[in-house]
Amino acid sequence: MPTLSQWTAVTHDEVEKMIGSALSKTCQLYPVPTWLVKDVGQLLSPFILLLFNKSLASGIFLSNFKHAVVRPLLKKNGLDISDPKNFRPVSNLSFLSKVLERIIQRRLQAYLDNNVLMPVRQSAYRLYHSTETAVTKVFDKLLQAADEGDPYPPSVSLTSQQILTPWATTSCY
2 MPTLSQWTAV THDEVEKMIG SALSKTCQLY PVPTWLVKDV GQLLSPFILL LFNKSLASGI
62 FLSNFKHAVV RPLLKKNGLD ISDPKNFRPV SNLSFLSKVL ERIIQRRLQA YLDNNVLMPV
122 RQSAYRLYHS TETAVTKVFD KLLQAADEGD PYPPSVSLTS QQILTPWATT SCY
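Heads up: the sequence shown begins at 2 in my numbering, then just goes up one per residue.
Hints are computed from structural coordinates only; laboratory data are not their basis. This one's a predicted model, so the numbers in the text were calculated from it and none came from an experiment. Think of the CB as a built atom: it goes at the ideal place given N, C-alpha and C, for glycine as much as any other residue. Hints should not be assumed to be uniformly reliable.
Listed next, the in silico EDC-like pairs over lysine to aspartate or glutamate satisfying Cα-Cα at most 20 Å (straight line) [to be verified]:
1. Lys39 - Glu15
2. Lys138 - Asp148
3. Lys99 - Glu17
4. Lys99 - Asp40
5. Lys26 - Glu102
6. Lys39 - Glu17
7. Lys99 - Asp151
8. Lys138 - Asp151
9. Lys55 - Glu15
10. Lys138 - Glu149
11. Lys55 - Asp84
12. Lys77 - Asp148
13. Lys55 - Asp14
14. Lys26 - Asp40
15. Lys67 - Glu102
16. Lys39 - Glu102
17. Lys55 - Glu17
18. Lys18 - Glu102
19. Lys76 - Glu102
20. Lys39 - Asp14
Each pair of labels, with its calculated beta carbon distance range [what the hints assert, rightly or not]:
21. Arg107 - Val33: 22 to 30 Å
22. Val117 - Thr27: 36 to 44 Å
23. Ala58 - Trp36: 26 to 34 Å
24. Thr132 - Arg72: 23 to 31 Å
Sequences and hints are given; from them, build the entire structure.
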């Protein structure tokens, strides 16, 4: 099995592209506004490049990059704001930690894809895969099975069969 023993070095163009394409949200943990980092990205990119490559080479993610401001966010408009169960936590990270995280994610995803280590049916965190893709695949299998006279293809679990039984026995015409 292949191993991930060494990261590919981050390039100057990659840093500039990531900084330029990032959202301009600023976290109170970060001493410099994101818009300013983006405006002077070409001047800062050699230093950011050095920082990122040292981090990847050493395997150390800076402790400052691990800090977050966690705030409650109402799950849905109209919910009772006095009930804590109606909120979910949202973590705001520093700008550079998010940029480095995206670079690492891309490298890890490329490694997994190049070495065919992702499960075939994995939809989350994959380019051109989504919940819509997964639902479409299941629906297609159900239609194929119905065409063959079998209301449940082998890939549909018992729980799914119990949920789908009323649907499968109801005429759509």
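Structure-based check of all given hints:
1. Lys39 - Glu15: holds, 14 Å
2. Lys138 - Asp148: holds, 15 Å
3. Lys99 - Glu17: holds, 14 Å
4. Lys99 - Asp40: Status holds; Cα separation ~17 Å.
5. Lys26 - Glu102: Holds. Lys26 to Glu102 sits at ~16 Å (cutoff 20 Å).
6. Lys39 - Glu17: holds, 9 Å
7. Lys99 - Asp151: violated, 48 Å
8. Lys138 - Asp151: holds, 17 Å
9. Lys55 - Glu15: holds, 16 Å
10. Lys138 - Glu149: Within the cut-off at roughly 17 Å; holds.
11. Lys55 - Asp84: violated, 45 Å
12. Lys77 - Asp148: Outside the cut-off at roughly 40 Å; violated.
13. Lys55 - Asp14: holds, 17 Å
14. Lys26 - Asp40: holds, 14 Å
15. Lys67 - Glu102: holds, 11 Å
16. Lys39 - Glu102: holds, 17 Å
17. Lys55 - Glu17: Status holds; Cα separation ~17 Å.
18. Lys18 - Glu102: Between Lys18 and Glu102 the Cα gap is close to 14 Å, so the pair holds against 20 Å.
19. Lys76 - Glu102: The given pair, whose Cα atoms are some 25 Å apart, is violated under the 20 Å limit.
20. Lys39 - Asp14: holds, 14 Å
21. Arg107 - Val33: 22 to 30 Å: holds, 24 Å
22. Val117 - Thr27: 36 to 44 Å: Distance hint for Val117, Thr27 holds at roughly 40 Å.
23. Ala58 - Trp36: 26 to 34 Å: holds, 30 Å
24. Thr132 - Arg72: 23 to 31 Å: At roughly 26 Å between Cβ atoms, Arg72 and Thr132 fall inside 23 to 31 Å, so the hint holds.
Checked against the numbered hints given earlier, this structure breaks hints 7, 11, 12 and 19; the rest are met.
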